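S.K.: Line by line, the protein sequences give chains D, Y and L.
Heads up: the first sequence begins at 15 in our numbering, then just goes up one per residue.
Heads up: the second sequence begins at 14 in our numbering, then just goes up one per residue.
Heads up: the third sequence begins at 378 in our numbering, then just goes up one per residue.
Certain hints may be false.
What the hints assert, rightly or not - The calculated DMTMM-like cross-link candidates involving lysine to aspartate or glutamate, where the alpha carbons are at most 25 Å apart (straight line), are: (1) Y:Lys-79 <-> Y:Asp-67; (2) Y:Lys-398 <-> D:Glu-188; (3) Y:Lys-398 <-> D:Asp-190; (4) Y:Lys-398 <-> D:Glu-167; (5) Y:Lys-398 <-> D:Glu-178; (6) Y:Lys-398 <-> D:Glu-22; (7) Y:Lys-398 <-> D:Glu-162; (8) Y:Lys-79 <-> Y:Asp-143; (9) Y:Lys-79 <-> Y:Glu-113; (10) Y:Lys-398 <-> Y:Asp-363; (11) Y:Lys-398 <-> D:Glu-146; (12) Y:Lys-398 <-> D:Asp-96; (13) Y:Lys-398 <-> D:Glu-54; (14) Y:Lys-79 <-> Y:Glu-121.
As the list claims (entries may be wrong) - Derived contacts from chain Y toward chain D, CB cut-off under 7 Å, selection only: (15) Val-94; (16) Thr-137; (17) Gln-298; (18) Pro-397; (19) Lys-398; (20) Arg-399.
Hints are computed from structural coordinates only; laboratory data are not their basis.
Note that the structure is a prediction, hence the values are computed from the model and not measured.
For every residue, glycine included, the Cβ atom is placed at its ideal position computed from N, Cα and C.
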Amino acid sequence: MGSEPSDEVYLAPTVRTAVKVLVLGPFAVGKSTFVGTLSEIPPLYTEETITRTGAVADDPHGISGKTTTTVALDFGRRTLNDRLVLYMFGTPGQRRFLSLWEDLAYGSLGALVLADIARIEESFEIIGVLEERGLPYAVAINDFRNAEMPPDEELREAFDLLPEVPLVTCDARERDSAARAMISLVEHVLSVCPQQSQESA
Amino acid sequence: MTQQHPMFPSPQRAARGAVVRSAVGAGLAALVVTGAVTVLRQRNRIAELLRQLDNHEAELEHLRTKRLPALAESLNGGTHVRVPGPLGGGDENGAAESLEALVGGIEEVVRLTREHVEQASRRTLTGVLDTVRGLAAEQHMAVSEMQHRHDDADVLADLYTIDHAGSQLSRRLRGFAVLFGAWIGQQRSATLLQEVLRGAQSQIRDYQRVTVSPHCPRSLGCGPEELGVVTRAVEPLVLVVAELLDNATRYSPPYAQVWVGVQPAHNGVAVTVEDAGVGMPLEEQRRAARLLSNERVPLDEIGDPPRVGFAVIGLLAARYGLRVSVDSPSSYGGVRAVVFVPNELLTRLDSEESEPEETRQPASTVTASGAGSNGTETTSSGLPKRGGRKRNAAARPAPAAAPDSSGSAVGLAAWQQATEANSPGRGNDDGEDGEA
Amino acid sequence: MSPPRRRDREALVRPYLITGGRAHPTVGSLGITTLVRAAPETESLGLGPEHRRVVRLCSGGALSVAEIAARLELPASVTRVIVADLLDENRLQVLSSGREQAPDRELLQEVLDGLRALR
Chain D
15 MGSEPSDEVY LAPTVRTAVK VLVLGPFAVG KSTFVGTLSE IPPLYTEETI TRTGAVADDP
75 HGISGKTTTT VALDFGRRTL NDRLVLYMFG TPGQRRFLSL WEDLAYGSLG ALVLADIARI
135 EESFEIIGVL EERGLPYAVA INDFRNAEMP PDEELREAFD LLPEVPLVTC DARERDSAAR
195 AMISLVEHVL SVCPQQSQES A
Chain Y
14 MTQQHPMFPS PQRAARGAVV RSAVGAGLAA LVVTGAVTVL RQRNRIAELL RQLDNHEAEL
74 EHLRTKRLPA LAESLNGGTH VRVPGPLGGG DENGAAESLE ALVGGIEEVV RLTREHVEQA
134 SRRTLTGVLD TVRGLAAEQH MAVSEMQHRH DDADVLADLY TIDHAGSQLS RRLRGFAVLF
194 GAWIGQQRSA TLLQEVLRGA QSQIRDYQRV TVSPHCPRSL GCGPEELGVV TRAVEPLVLV
254 VAELLDNATR YSPPYAQVWV GVQPAHNGVA VTVEDAGVGM PLEEQRRAAR LLSNERVPLD
314 EIGDPPRVGF AVIGLLAARY GLRVSVDSPS SYGGVRAVVF VPNELLTRLD SEESEPEETR
374 QPASTVTASG AGSNGTETTS SGLPKRGGRK RNAAARPAPA AAPDSSGSAV GLAAWQQATE
434 ANSPGRGNDD GEDGEA
Chain L
378 MSPPRRRDRE ALVRPYLITG GRAHPTVGSL GITTLVRAAP ETESLGLGPE HRRVVRLCSG
438 GALSVAEIAA RLELPASVTR VIVADLLDEN RLQVLSSGRE QAPDRELLQE VLDGLRALR
């Protein structure tokens, strides 16, 4: 049912609803890969300059050789049916980038936190911020090296997850695997969604 | 011609005496003649020397009362002052020449001293300027960055104001850098001429009064959306046009528009800046013309308060091969400034989407800050453990910019409540987990 | 594969110039995933360069505000002001239901179904 990836720029004319999900994680954890795998368009960057680079690089007087880090906020989309499209925004989720994704978080369905098993501690802060913000999330360990995984219990203990928070492993390069991680997040969000909404429906 | 002199009157030696006498007479006569000539010569010589002395004195007086004051005035910045030459008086002994050399020497000493002082001043000023520019650039960058980070329109409105002030400051500093012979600053990649013009527009106070025409002549065989300016000319041209715009908005009524257009020209294009002011006073026009043709502007020409616009334009034009004039009347009534940009400074840019990729900056400095503090605790097999989970539901603050959930009861805040309320959930996490 | 990115970090044409100094979009409810497209037979005459580019881009079909920003290399905040201007002038139309909001159960179920169909 889902449309195949293509270079088509525009949405189908029937699409009327957009939902969005954040894909958060530390540098080089595979956020862009994940978004790219599920996206039907090549991922786009809304350029968000955290500290800037380049413009005065040629300056012989050394005006400002400041720390420069460009954080690209990449995103992709996936049309889910003829009236619904899902946008996925990949962005670092650390506290110091908070203002960057705060606006994105507004109205978003939830967040998928990517972690690298070799440095899971780099995802801790993101989880902390999400809990502070009250945004539902799932944790996905991007296992692109086929590394040996500790038992789930130990991972949950390490991440200090509430029992209902999903923890999955995935390969961000595999569509099936990435989709499964996303599904576990949406299932979780659905499970915690207020019942009265259902009742009134 | 002979003069009788009764010196030897003895009759005995008349004959011999006659011989002797005649000889002596001749000798005497010769002596007398010689003496007379010598005296005459000496008298002439004296007269000559006296005349020379007079000339010298006159020359010295001329030097003291006319030439040196004129020289002083001219060295003091009075470029229009003509230093008179020597009086000259048919001199052969080189006194005038040595005086001339003396004047030349004085001039040279003063020039060298001034040059030295000027260079030292420029060095000092450039150093001071660099410091200020560094700080200003840093601030401007920070403001740029904030505009990408913040989404609150009130915050952005304030940031726009600061950014605008920063752009003007940056233009001023680049102008001073040009005057001090320092590096103009920021190197940019080849840029569309339209963007250069709008970039210039954004750097002046009254940018809202400026209209940049979207029309561009077909030059170098490309349309307006491809006509670009080569790398090295981007910043100079931005600065030249910005200074002209600054001048145009300053010398026209506060609500009058200023128009920027691009016209075809032989071997290049002409950028025109026209205002609807009253035009420049003649004196101002002369000053502009003089500054525009200068290849070097002495520091003391900058004035106080500093008026650097035309000086900067002149220097940049000379340095980058632009031609600038401000003497033609505008069809809108005010001044029409024309910047001729030769083809060498123009290039064809492929339309927007095909610019070469910037290498993505690896965010190598993005480290897991904050994670380190948790690093002490580990699980049984050594995994680091996260600490400080917020287990208290009530303690969770609502997300910033809480949605006003138009219609739907499901906002983030509602969610967070629900997250707590439904904690047992569906409990299929482990199943999902095991699947992967 | 990578789309184009802003050429100079510190843009020559400043955001305030593009918006004429305005930071507040004239339409308050524009989100990053609000879907818009150009009104039929809209012309871009008399518009500034960025406004023109937005109209031109959106005349091809529907896009989110985020996509417009990314494809035209404009900051999202600036894009929002431009899109709002164009909505005011009826040059653009909003397709999605106004303000971004968290989805309800029904919508979540639809998302879930859509994702499951991907596998």
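S.K.: Which numbered hints does this structure break?
M.R.: 2, 3, 6, 8, 10, 12, 13, 15, 16, 17
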